[in-house]
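The primary structure of each chain is shown beneath.
Number of protein chains: 2
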Amino acid sequence: MTRRILIVGAGPAGTLLACCLARRGFQVDVYERRPDPRLLDEEESRSINLGLSARGIKALDDIGLMDTLWPLTVPMRGRAIHLPGGGAPFQPYGAHEGEILHSVLRRDLITTLIDHAEAQPGVSFHFRHRLVDLDREAAAVHLAEEGTGAALTVRGDAVIGADGAFSQVRARMQHGLRVDHHQEFLEWGYKELTIPADDGSARTRLEALHVWPGEDALIVAHPNRDNSLTGTLFLPVERFEEIADPEEFFRARFPDAIGLMPHLAKEYAEHPVGHLVSIRTSPWHYRDRVALIGDACHAVYPFYGQGMNASLEDCTVLDRCLGAHPDDLGRAFAEYQRLRKPHTDVLDELSKQNFVELRDRLRSPFHLARKKADLLLARLLPGRWVPLYTMISHTTTPYADALARARRQDAILRWAGVATGAVALAAVRRSTRKGGPRC
Amino acid sequence: MTRRILIVGAGPAGTLLACCLARRGFQVDVYERRPDPRLLDEEESRSINLGLSARGIKALDDIGLMDTLWPLTVPMRGRAIHLPGGGAPFQPYGAHEGEILHSVLRRDLITTLIDHAEAQPGVSFHFRHRLVDLDREAAAVHLAEEGTGAALTVRGDAVIGADGAFSQVRARMQHGLRVDHHQEFLEWGYKELTIPADDGSARTRLEALHVWPGEDALIVAHPNRDNSLTGTLFLPVERFEEIADPEEFFRARFPDAIGLMPHLAKEYAEHPVGHLVSIRTSPWHYRDRVALIGDACHAVYPFYGQGMNASLEDCTVLDRCLGAHPDDLGRAFAEYQRLRKPHTDVLDELSKQNFVELRDRLRSPFHLARKKADLLLARLLPGRWVPLYTMISHTTTPYADALARARRQDAILRWAGVATGAVALAAVRRSTRKGGPRC
Ligand SMILES: Cc1cc2nc3c(=O)[nH]c(=O)nc-3n(C[C@H](O)[C@H](O)[C@H](O)COP(=O)(O)OP(=O)(O)OC[C@H]3O[C@@H](n4cnc5c(N)ncnc54)[C@H](O)[C@@H]3O)c2cc1C
Ligand SMILES: Cc1cc2nc3c(=O)[nH]c(=O)nc-3n(C[C@H](O)[C@H](O)[C@H](O)COP(=O)(O)OP(=O)(O)OC[C@H]3O[C@@H](n4cnc5c(N)ncnc54)[C@H](O)[C@@H]3O)c2cc1C
Numbered sequence: 000m001t002r003r004i005l006i007v008g009a010g011p012a013g014t015l016l017a018c019c020l021a022r023r024g025f026q027v028d029v030y031e032r033r034p035d036p037r038l039l040d041e042e043e044s045r046s047i048n049l050g051l052s053a054r055g056i057k058a059l060d061d062i063g064l065m066d067t068l069w070p071l072t073v074p075m076r077g078r079a080i081h082l083p084g085g086g087a088p089f090q091p092y093g094a095h096e097g098e099i100l101h102s103v104l105r106r107d108l109i110t111t112l113i114d115h116a117e118a119q120p121g122v123s124f125h126f127r128h129r130l131v132d133l134d135r136e137a138a139a140v141h142l143a144e145e146g147t148g149a150a151l152t153v154r155g156d157a158v159i160g161a162d163g164a165f166s167q168v169r170a171r172m173q174h175g176l177r178v179d180h181h182q183e184f185l186e187w188g189y190k191e192l193t194i195p196a197d198d199g200s201a202r203t204r205l206e207a208l209h210v211w212p213g214e215d216a217l218i219v220a221h222p223n224r225d226n227s228l229t230g231t232l233f234l235p236v237e238r239f240e241e242i243a244d245p246e247e248f249f250r251a252r253f254p255d256a257i258g259l260m261p262h263l264a265k266e267y268a269e270h271p272v273g274h275l276v277s278i279r280t281s282p283w284h285y286r287d288r289v290a291l292i293g294d295a296c297h298a299v300y301p302f303y304g305q306g307m308n309a310s311l312e313d314c315t316v317l318d319r320c321l322g323a324h325p326d327d328l329g330r331a332f333a334e335y336q337r338l339r340k341p342h343t344d345v346l347d348e349l350s351k352q353n354f355v356e357l358r359d360r361l362r363s364p365f366h367l368a369r370k371k372a373d374l375l376l377a378r379l380l381p382g383r384w385v386p387l388y389t390m391i392s393h394t395t396t397p398y399a400d401a402l403a404r405a406r407r408q409d410a411i412l413r414w415a416g417v418a419t420g421a422v423a424l425a426a427v428r429r430s431t432r433k434g435g436p437r438c
Numbered sequence: 000m001t002r003r004i005l006i007v008g009a010g011p012a013g014t015l016l017a018c019c020l021a022r023r024g025f026q027v028d029v030y031e032r033r034p035d036p037r038l039l040d041e042e043e044s045r046s047i048n049l050g051l052s053a054r055g056i057k058a059l060d061d062i063g064l065m066d067t068l069w070p071l072t073v074p075m076r077g078r079a080i081h082l083p084g085g086g087a088p089f090q091p092y093g094a095h096e097g098e099i100l101h102s103v104l105r106r107d108l109i110t111t112l113i114d115h116a117e118a119q120p121g122v123s124f125h126f127r128h129r130l131v132d133l134d135r136e137a138a139a140v141h142l143a144e145e146g147t148g149a150a151l152t153v154r155g156d157a158v159i160g161a162d163g164a165f166s167q168v169r170a171r172m173q174h175g176l177r178v179d180h181h182q183e184f185l186e187w188g189y190k191e192l193t194i195p196a197d198d199g200s201a202r203t204r205l206e207a208l209h210v211w212p213g214e215d216a217l218i219v220a221h222p223n224r225d226n227s228l229t230g231t232l233f234l235p236v237e238r239f240e241e242i243a244d245p246e247e248f249f250r251a252r253f254p255d256a257i258g259l260m261p262h263l264a265k266e267y268a269e270h271p272v273g274h275l276v277s278i279r280t281s282p283w284h285y286r287d288r289v290a291l292i293g294d295a296c297h298a299v300y301p302f303y304g305q306g307m308n309a310s311l312e313d314c315t316v317l318d319r320c321l322g323a324h325p326d327d328l329g330r331a332f333a334e335y336q337r338l339r340k341p342h343t344d345v346l347d348e349l350s351k352q353n354f355v356e357l358r359d360r361l362r363s364p365f366h367l368a369r370k371k372a373d374l375l376l377a378r379l380l381p382g383r384w385v386p387l388y389t390m391i392s393h394t395t396t397p398y399a400d401a402l403a404r405a406r407r408q409d410a411i412l413r414w415a416g417v418a419t420g421a422v423a424l425a426a427v428r429r430s431t432r433k434g435g436p437r438c
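Listed in order, the protein sequences are those of chains F and G. Under numbering that gives the first Met the number 0, the first residue of the first sequence carries the number 0, and numbering increases by one thereafter. Under numbering that gives the first Met the number 0, the first residue of the second sequence carries the number 0, and numbering increases by one thereafter.
Accuracy of the hints is not assured; some may be wrong.
As the list makes no split between identical chains, a pair holds if one copy fits it or if it spans any two.
Unchecked claim - Here are the computed lysine to aspartate or glutamate pairs in the EDC-like style, where the Cα-Cα straight-line distance is at most 20 Å:
no. : residue 1 : residue 2
1   : LYS340    : GLU183
2   : LYS351    : ASP66
3   : LYS371    : ASP40
4   : LYS340    : GLU186
5   : LYS57     : GLU241
6   : LYS351    : ASP400
7   : LYS265    : GLU41
Since the hints were derived computationally from the structure, they do not count as laboratory data.
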């Protein structure tokens, strides 16, 4: 008999998992409280964009979707760091061509995934259906239809909570259990601001991730296919209200950004402040009845650009565990948590550190020297010296393995002494410039 | 007009706070889901005992209760460490006479506090009343009477959640706020076992805290006034079920304990397994309407014997903040969290470390040497060298200040080198033995 899985939440994790489960022959029902994104017009579905990198790409490629998605993305070949004194030096990503990020609209990604899932037998999406309660013993969800409030109860063989950081499936699944839970809100929040195209052409270098670093405020911007960019302004939460005149604030802090954002004042007034939460939690599953995926089991601060990528990668890991234990959902779920959680825990740590890096260190000469040494070593020792950022963003090396390796590399760098290292490297560089094959 | 404060929970924190608030002229109502402990007979109110130390003593003395309480306590002058090979060397606490802990039955402590609070004008206790909901805007509690289920709503000027680690006041107060929450269950749980008096006299040294350390199981026992001791067996949670024959297990692991526990098999079968949780959380208050105290805002593992002591100390800090801001509960609550939370956060860290110490290190020769060096330095440099354990257990130095000082001392010890230190100390010791006034 075909087993039926109920997925709550049609974000990146829920929609990709629907595709994977359908391929394994499950009947899949996805319940999403928001309307079908395909039925909304442009204005209604104003979408954020996200940086898609190696892990997400691999997971999407696994179900054969990248060919459809590539045309919907814009490559980001490196970072453009906007300095307060003016100028925006461009740092290419990684040491090798091809190590680039890709900006994609959340709406485009989700829509592609929904279309693909729906085309497979046994998959149905139920939009405007909100989970209001869960019976974890029965794998049953209680839903309310948005608008009408009509109530509905559906029972499956298992329920997957893909309902994001404030997962109701998680809350109800874990109720009364021995739960480890670590939740933190960052003191900083965010607001979206647009860099619109100027008469059809881009106002700044398009194929880059733009960063305006700062201790008290920072901006990150990703490009869109229509030559606009979407900026995200990060500030200590209470600052948003204190700033009476955003243009004046920008003139003082981000002088070169103000020319790029003609709608700054209006958007600043109208766009809500988003909050940033980090969540590590356990357990991720309840027997063979309920499991969590994506932000529902590991929300991270967005400063490594990995939240969605990790959520997509989760699907691959869970899918593999279902393959290894085809007749035992409980074992598959347990194995999935065992294999996956150590890595998303590390991602949480790294995402917190990268906030500090963006905020405090991006402009520090020591940090820049360190980054340069890293990139240089990567060129000199291809495949043997891989900077942490590269491993996280441009490879699918599991997060914890990447960190362990970076720590070994760090120890070597520290041991050699940064200063001695720099001198030696300069010498090596000169000699390889002269005769070496690689530079 | 007299302001009315509603306290939920009549544990150590709630009952002491009732006394403090009454002294400040508040009207106080305390709601407790359990029956009045004064109405239960011995058997019904089987009570755990707790180690009362300097902080708790200070807080209780502040409201003039120690004279009533002293006769209800048993001094613990040091630790008796039971070694697997037999023998139980006694380590006195601290370097100075008077640095001792006091064992008290929870029931005796609470009863004394309730009697004292009730004797003051404006204080009422409402037993068998369980909080079922909280309206944080209105400072109103919704209660159900145990047994009858009768519902009751009471409104005050503010509500204090003193309802322990799984505080419902906390859950409802924090709902939807930007909450930082760190909760962990220890992999180990506990079970109480009695060392009854033998025909009226104690079976082992009474005035000591007994410890049977171990990597895979440990026991801690406190004395009672009737010459019995109450032991707490700590084990990895799943082990409790696996042990089919507790006597056999004890014979192998705690051979000298088996003779002390004639009811071992029966108690092992009948007593429930307790779980140990650590909680750090924020915020501790909601405007001027709701605040948390005791385990409700900082539950710690019991291995430093400080949970209740810290909860009692909270009352003193909150009371002082109410004194500083007599007309502004909101400021008093905010100030209380600002002053107090950094210290209970440190206690959480220390309590986790002390588990490792009890489990792994108590028997290690290096650790014993370090302890000895610490005690010796404390004797040689009275008031200037204070071991961490002494500062936590035998002083009221705020927890974080104690840790900071211990770290400075540690750095010195490390810097001097443990080995060199030991030699030098031995020399100093010999010379002070000969001519010094202190040893
Ligand atoms: C400012 C910002 C920038 C980011 N940038 C990046 C980036 O560049 N790269 C990257 O990889 N990640 C990024 N992320 C992280 C990324 O957005 C998330 O990790 C990702 O969206 C998680 O996917 P998900 O499917 O697990 O959860 P979500 O995307 O949160 O989806 C959950 C879905 O469940 C639905 N839902 C919730 N509750 C219910 C309910 N009760 N009933 C029914 N449905 C429900 C929601 O409506 C939603 O559709 C960023 C995040 C932020 C905040
Ligand atoms: C095994 C063990 C050993 C320990 N040993 C020590 C020790 O030696 N020294 C030490 O200092 N500490 C020790 N502790 C810690 C100590 O027990 C706690 O820190 C202390 O009891 C906390 O006091 P409290 O008043 O904040 O909460 P609690 O003691 O938990 O009291 C909370 C009260 O609220 C009531 N309540 C709960 N929910 C509701 C509701 N919904 N409605 C109404 N009432 C409610 C409960 O019935 C209870 O009476 C130990 C703990 C454990 C588990």
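Hints versus structure:
1. LYS340 x GLU183: Result: close both inside a copy and across copies, 18 Å intra and 16 Å inter.
2. LYS351 x ASP66: Close neither inside one copy (33 Å) nor across copies (51 Å); limit 20 Å.
3. LYS371 x ASP40: neither (45 Å within a copy, 75 Å between copies)
4. LYS340 x GLU186: Between. Shortest inter-copy distance 17 Å satisfies the 20 Å Cα cut-off; intra-copy 25 Å does not.
5. LYS57 x GLU241: Neither way: LYS57 and GLU241 sit 43 Å apart in one copy and 44 Å across, limit 20 Å.
6. LYS351 x ASP400: Result: close within a single copy only, 18 Å intra versus 27 Å inter.
7. LYS265 x GLU41: Only inside one copy: LYS265 and GLU41 sit 19 Å apart there, 71 Å across copies, limit 20 Å.
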